[in-house]
Amino acid sequence: MELQEIASRLNLEIKSAAGSLTNQVTGGYASDLLSDVIAHAQKGDVWITLQMHQNIVAVATLKELAGVILVNGRQPEEDTLQKAIHENVSILVSNLSTFELAGRLYQLGIKNDPVV
Amino acid sequence: MTRLFKADLHIHTCLSPCAQLEMTPRAIVRQAKLKGLDIIGISDHNSAENVVVTKKIGEKEGLVVIGGMEVTSREEVHILAFFADDEQLLKFQDIVYDNLTTGTNCTEVFGEQVVVNEIDEIIGFNQRLLIDATGLSINELVDKIHSFEGIAVASHIDREGFGIIGQLGFIPPDSGLDGFEISSKITLEEAKDRFHGRNSFITGSDAHNLLDIGKSFTQFLLELPTLKEIELALKGQGGRFLVDK
Ligand SMILES: [Zn+2]
Ligand SMILES: [Zn+2]
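Residue numbers (the working numbering), protein chains in the order written: chain A, 1 to 116; chain B, 117 to 361.
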């Protein structure tokens, strides 16, 4: 599913997009420890977090994530937004909590291949 | 003439909710001297209310005490802030208090937050939720610390919990931090290797009880045991530097 379809179906506020809204979302990861995201997120994941620091953009780029969704209505910091626009990383905002948002994504069929 | 000074800059007093009640300023100074330390730093969580009293005791006992605080950023990263001037430190504390949540401490869960005087008498309890994070980002904190002529050191960067790398994946290149603290779990050599040749490393005990004081310390080559000189050492300037143990 494309990121923009998720955005419209889950009512996400698009903060930065610049061409990456057509990214295919192939899974998801939820974590607020960026070192954990670096270690465990997979390419194509949509990342759910409450971190607003500019490092989220670098981590999203590094891991080739499909996009970042900030929860609880949290707004990205100004330099985060600038970086995201520059790096072509989509940052979206949801008013839901991490738990609720992950549930909605699952209902949309966004699932990770189970690790065997 | 420079000489070696042993410094443990990361010590919590009984004001920190997680520290033992035995961590009174008098006991800390006594233990630090026993351990042969020349300089200690007082770094309670989001508060500095036991700093002035510890400095007074240190002055009498011949131990250099540097006033500071371990402040928690919005990203839940611990930052050590040190100030040469108490007034500046207290101004910084006002800003930290303004940016702490309005919650009150739950003593059953987190412990008492005790403010004491020079003879270990309890003169008050801090009711704020000091264990909580401030609403200030790392960048905002570092800017504020610098604006009060303080220095900012990222705490225990090799630790996942509340360490800058654990929380943020890597050290933001424009962080403005003056130094980086490593815990006693890794050596300076390992740190240089892991954190790509940064050289402004200090190590401290992060003591929450008396026995831990001086368990880990930094050796500075300085002319005088002052924060100004420590700042020079962190920059490797003026012939002041850190000495590997
Ligand atoms: Zn800490
Ligand atoms: Zn500490």
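FYI, nobody ran anything at the bench for these hints, they're computed from the structure. A hint or two may mislead.
Residues from chain B shown here face chain A by an in silico Cβ test under 10 Å; the list is partial [as the list claims (entries may be wrong)]: (1) Cys222; (2) Pro288; (3) Gly292.
So the derived list for chain A, only partly shown, Cβ under 10 Å to chain B, looks like this [said to hold, decoys possible]: (4) Ser20; (5) Leu21; (6) Ser35.
Cβ coordinates follow ideal geometry from the N, Cα and C atoms, glycine included.
> Which numbered hints does this structure break?
Replying inline: Violated: hints 1, 3, 4, 5.
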